[in-house]
Amino acid sequence: NAGVTQTPKFQVLKTGQSMTLQCAQDMNHEYMSWYRQDPGMGLRLIHYSVGAGITDQGEVPNGYNVSRSTTEDFPLRLLSAAPSQTSVYFCASSYDRAYQETQYFGPGTRLLVL
Amino acid sequence: GNSVTQMEGPVTLSEEAFLTINCTYTATGYPSLFWYVQYPGEGLQLLLKATKADDKGSNKGFEATYRKETTSFHLEKGSVQVSDSAVYFCALSEGSSASKIIFGSGTRLSIRP
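Chains W and S are the protein sequences, given in the same order. To get our numbering, take the position in the first sequence, counting from 1, and add 66. To get our numbering, take the position in the second sequence, counting from 1, and add 1.
Check the hints yourself; a few may be wrong.
[Said to hold, decoys possible] Below are the BS3-like pairs computed for lysine-lysine, each with C-alpha atoms no more than 30 Å apart in a straight line:
| no. | chain 1 | residue 1 | chain 2 | residue 2 |
| --- | --- | --- | --- | --- |
| 1 | S | Lys101 | W | Lys75 |
| 2 | S | Lys57 | S | Lys101 |
| 3 | S | Lys101 | S | Lys69 |
| 4 | W | Lys75 | S | Lys57 |
| 5 | S | Lys57 | S | Lys78 |
| 6 | S | Lys53 | S | Lys69 |
[Said to hold, decoys possible] Looking from chain W toward chain S, a few residues come up when the C-beta cut is under 8 Å (computed):
| no. | residue |
| --- | --- |
| 7 | Ala148 |
| 8 | Thr168 |
| 9 | Pro173 |
No lab work stands behind these hints, which were simulated from the structure alone. Every residue, glycine too, gets a C-beta built ideally from N, C-alpha and C.
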């Protein structure tokens, strides 16, 4: 199993550009989530999904969209990038929502918005 | 609201030194408490957990005891190794297993050979 994979590893954007961060898992996990990690602030939940076709907002959803058309994939879209979205983004998955503490995390995508 | 406070890093120790990373929390109800570790270039991994007062979580030589009276969950290890160099996050979840997890800001640990 590859676990949780994320692409790209690193991306530079200009303000106003859009892009999609890819996340995939091959463990047949129902629960998937996106976090951002900022210095001094730990991880904050952006969006999550409890299964294909179901998504919901987390703590900091503004400026991001998600969709979950398959169990495996959970892409995160930045509609119009802003410097405040410079961060490290982690995707995670677990068997279901009740097992969030044992989420498997991807290696992260480092995003720089100029 | 619920929150987690960790000691600020970075923490630099020599190999075989004793490690303590402090963590305190604010929560209503009876949260579960966790420590996660993030090795360089990787995502977070659950290191240990405790689900009720006085529980001790342990893994890979690390320990933490859930202290309700001091609202603390300090991480300790008796003899650290270079391979323990990583960022450590304290976290909590509310009583319901479906509640979100709240992470502390992380403490970077560097171990000198």
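Cross-check of the supplied hints:
1. S:Lys101 / W:Lys75: Satisfied, since the Cα-Cα distance of roughly 26 Å is no more than 30 Å.
2. S:Lys57 / S:Lys101: 22 Å, holds
3. S:Lys101 / S:Lys69: 20 Å, holds
4. W:Lys75 / S:Lys57: 36 Å, violated
5. S:Lys57 / S:Lys78: 13 Å, holds
6. S:Lys53 / S:Lys69: 9 Å, holds
7. Ala148: This hint is violated: Ala148 of chain W lies away from chain S, its Cβ roughly 22 Å from the closest one there, beyond 8 Å.
8. Thr168: 6 Å, holds
9. Pro173: Constraint on Pro173 of chain W satisfied, holds at 6 Å.
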